[in-house]
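**Q** Residue numbers (my numbering), protein chains in the order written: chain A, 57 to 595; chain B, 57 to 595.
To be clear, the hints were calculated from the coordinates, so they are not data collected in a lab. One or more of the hints may lead you astray.
A pair holds if it fits inside one copy or across any two, identical chains being indistinguishable in the list.
Said to hold, decoys possible - Computed cross-link-like contacts, EDC-like style, restricted to lysine to aspartate or glutamate with a CA-CA straight-line distance of at most 20 angstroms:
(1) K465 - D580
(2) K341 - E80
(3) K480 - E80
(4) K102 - E342
(5) K349 - E323
(6) K73 - E239
(7) K480 - E187
(8) K127 - E573
(9) K191 - E99
(10) K557 - E187
(11) K101 - E573
2 protein chains.
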Amino acid sequence: MFEIIEKDGLARIGKLKTAHGIIETPNLLPVYNPNIPLITPNEMKKIGMNGLITNAYIIYNTPELREQATKGVHSLISYDGIIMTDSGAYQSWMYREELEVSNQEIVEFQDLLKPDIGTILDIFTDTDSHEEAEKGVETTHGRGIEALNLRQKDSGILWAGPIQGGQFLDLVEKSARLMSELEFDYHPLGTLAPSLMSYNYKQVAEQIIVARLSMIQSRPLHAFSIGHPMFFSLAIACGADIFDSSAYALFAKNDRYLTNMGTLRLEKIHEFPCSCPICLKYKPKELLKMTLKERQCLIAEHNLYVTFQELKSIRQAIRTGRIWELVQTRVSAHPALLEAFRYILKKYGERLEPYELASKSTAFFYADTGSLDRPEIRRHQMKMQNLSLNARSVLLLVPEYPLNDLNLKFKRYVNKILEEIIEKERHLVQVAHVSPLFGIILEDLQGTYPLIQNEYPLDLCNQIPSRSLQVIENFMNSYRNQFSHIILYDPKDFQDPDIIKYNIKLQLFQQVVKNYESSGTVLDNHEHLKIKIERIFKN
Amino acid sequence: MFEIIEKDGLARIGKLKTAHGIIETPNLLPVYNPNIPLITPNEMKKIGMNGLITNAYIIYNTPELREQATKGVHSLISYDGIIMTDSGAYQSWMYREELEVSNQEIVEFQDLLKPDIGTILDIFTDTDSHEEAEKGVETTHGRGIEALNLRQKDSGILWAGPIQGGQFLDLVEKSARLMSELEFDYHPLGTLAPSLMSYNYKQVAEQIIVARLSMIQSRPLHAFSIGHPMFFSLAIACGADIFDSSAYALFAKNDRYLTNMGTLRLEKIHEFPCSCPICLKYKPKELLKMTLKERQCLIAEHNLYVTFQELKSIRQAIRTGRIWELVQTRVSAHPALLEAFRYILKKYGERLEPYELASKSTAFFYADTGSLDRPEIRRHQMKMQNLSLNARSVLLLVPEYPLNDLNLKFKRYVNKILEEIIEKERHLVQVAHVSPLFGIILEDLQGTYPLIQNEYPLDLCNQIPSRSLQVIENFMNSYRNQFSHIILYDPKDFQDPDIIKYNIKLQLFQQVVKNYESSGTVLDNHEHLKIKIERIFKN
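Using the sequences and the hints given, assemble the complete structure.
**A** Here it is as structure tokens:
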């Protein structure tokens, strides 16, 4: 039912087959409330919508709609595309009301409505009590079992088993595991709205990543309530496949205009920074002169255009192995996003590593200190902890130069020195490059992704990134005893116009020299290096 | 002629009046080559073009066009909007050809063509020789004097006096100064193309900033050859008002599709990540099936849409005081841009400070270590170097907590301790908050922008930003002798659920405690603080 086409870390392109068509993921299902329709489903489809979500509980609770339930939800809202129904759990939280429906009633009601995806009645776990949250998780699980027994078989409905747990990550994990064991087709993750409302993207991102790592990977993960395009790419990099939201409409009602960098208030917009049909046709001033209802619809249309545009950007990034590069630009728009990005990579970088592609056709771009925790870098560091180094005599530590051409020149220069003296014993010298991005790169590994295909700002080589220093320390601790000699070659005599032009200072390497000068010999002149190597190999 | 409407640092919204209308700046004049027209001027106007640039030298060198010169350039290319003409300097560099025209001839020829803006024949200074570049600057200046004497008076043409100097910043400064002394209406900055071609955005940004700071501020600064939207915002923050470029067409010819994050190759695009009319109408696959000519036009149209969209985003950002926030997101898309951003702010942050608005309605957003060099932060640091502190007895150093609510709670907590003991002498205690963003914030200054209106990722308070540490050191060196007592209050007894929830560690403050424990008294308990203060004031 869910076919995974492409992967980039936890992000993926998938195709979910439903009775009324295929949803290409990542995607967003706009919330359609039949009682307060703003844009018709068919209009939304023209804007790029692939499917929508509406609420079985609202239909159930609205007598004139409920009467028509037997016609099916597609006829009820006049839309023959993909429709998911939610069950009322969110409403019970949002409006603090006791639901006038049981799990059994809402499941049976959805069997009448025949949506493409139906949802059991879960428990929203917005609580500071672990006990209460755990009860919610267990009740949701129990209702899952009940629902799967109750539902009509072969109805064509895909059933969604929500993952709950709220702020308690152990419970999110437990819930994801429990719900995964049941025969659901689809897992929405609940209780994200409270954190979203307080810009606590860190919390939301972590809930997503924990759910995703704990559930069956072959099912789609739907993150309930995420609707702001500026957060999409990070949420998808954390493992979300589908969102649903009424943000496009709710924001529009308050004259709020979405962009992939944040929200603008209509009265503060002088020119629309967008090329969608609405923004090319109208000026902000013209909208302000319209009735509230008229402009709400237009802003909602723009909000949907920008929503689907961002999803296209994300799918394009996934297909080209650049999801993290896209995330890096989006998180730079808001400190709360940047914080979530850094936090997630620091905490989960190692667990994300196995999901990372072995090789990509595009370069790794550094953008932030958080970039040093990306899975591509973690993988290299993990590799460095499990080396089976051949017995060698000499470890020769040298700097990595930034700029590919310059580094190539330097590598040739070092190699020439070595080959001239020791020719046949060249393999007994392990050359290791001190790199601001990767910590240590062994010359033998240099061909592998992304050790060469990467770009970072030159000033990084004039800094001392603490993660890179840590990697070097780990390497030295693990392997220094395998070498009879350690030489640190600080190539002060290696001159190149680019070194002056770009003010290259190699601070990280200077720090390494300081840290290990007592463990080895520091040389800053290639003649001395030659003499030293000669002496070692003549003995 | 050039009216400045709004400012945000060196970036500004301006209106340049010309014979055929007003250009709103920042803006881009697409290059229109009458010999290889891809999109007609009127079509470009529909896409959002405000004016174009064409080449007087090309017209001069094409017999059938040259014959019609007396009709004027507007009739020649069938466009009655704003037209600027360039003079051939770029062609002489690009195609390494001797120009078959003199300054006098091309100026007189432009007087016939009657563009809205005409350009004298400058010297492109792409050379590694300072002497040669200086000659180019001086010749260009001489030709400027000549041209202003030769040109028809009251022709309605605005005359552009190019600034040259290339990689030599002293020459860019000299050229800007010399050309500013002449009665030009407009200054283009030349010799940017070589650096642009090698992604050396640092060099280009620096040339722009030096030119802008050295020229008459009331004239527009045009940066020749900049055409990639991902670089626009940084170039504008460095002081550019107008660009011109044929990038939209040149990139389209090679199936390259522009975005504000970089360039995509058509064959690698699965979905167009854009909502412009072209991208909504066609799929990448459909374009690939068209003839080269057909799809070139369509990609060029998209490239123009995205170009003008980015300019709208930038103008919107300037009007709301958020140019640096926009720049921060754009530079995160490419390490070479990030490097330029950091470099420019580190080197020129202090010189940019006087141009910064005193107050903004929007918050300062931290996005990168480069953010700490922004002029808003520099201003605060400069203020801290020139304080006239009243005679006080005690300097009380305390941490700043992240999260506005938490910090407010802490401030009240400290204040309560002080007021309880010393009431009337409260003003004799100078409370200073150690802040990861600003270094030191004195309680008296806390109301001023952007000391409260700022957001940074919480993890910044668990780091030790070197710039902030430097500011604290400067402050302590300058003022410690003005206080009879220094107390460092490390509030280990100040408890709040948020401190645990958000894992707040205050590393910078811990470092300050380490650095200054010998100069003052360190207390980590409010009871001890009370006793200490009491003792001081009872003596």
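**Q** Hint by hint, note whether the structure agrees.
**A** Going through the hints against the structure:
Proximity of K465 and D580 under a CA criterion of 20 angstroms is satisfied intra-copy only: 17 angstroms inside one chain copy versus 55 angstroms between copies. Taking CA atoms no more than 20 angstroms apart as the test, K341 paired with E80 passes between copies only; the shortest distance there is 18 angstroms, against 37 angstroms inside one copy. In this assembly of identical chains, K480 and E80 lie within 20 angstroms of each other by CA distance neither inside one copy nor across copies; the values are 57 angstroms within and 69 angstroms between. Proximity of K102 and E342 under a CA criterion of 20 angstroms is satisfied inter-copy only: 19 angstroms between copies versus 24 angstroms inside one chain copy.
Proximity of K349 to E323 under the C-alpha cut-off of 20 angstroms is restricted to the intra-copy arrangement: shortest distance 16 angstroms within a copy versus 42 angstroms between copies. Proximity of K73 to E239 under the C-alpha cut-off of 20 angstroms is restricted to the intra-copy arrangement: shortest distance 16 angstroms within a copy versus 70 angstroms between copies. Taking the shortest Cα distances, K480 and E187 never come within 20 angstroms of each other, neither inside one copy (69 angstroms) nor across copies (51 angstroms). For the homomeric pair K127 and E573, neither the shortest alpha-carbon distance inside one copy (81 angstroms) nor that between copies (77 angstroms) is at most 20 angstroms.
Proximity of K191 and E99 under a CA criterion of 20 angstroms is satisfied in neither setting, with 42 angstroms inside one chain copy and 64 angstroms between copies. For the homomeric pair K557 and E187, the shortest alpha-carbon distance between copies (18 angstroms) is at most 20 angstroms, but the shortest distance inside one copy (63 angstroms) is not. With identical chains, the CA atoms of K101 and E573 are never at most 20 angstroms apart, being 66 angstroms at best within one copy and 66 angstroms at best between copies.
When each numbered hint is compared with the structure, violations occur for hints 3, 7, 8, 9, 11.
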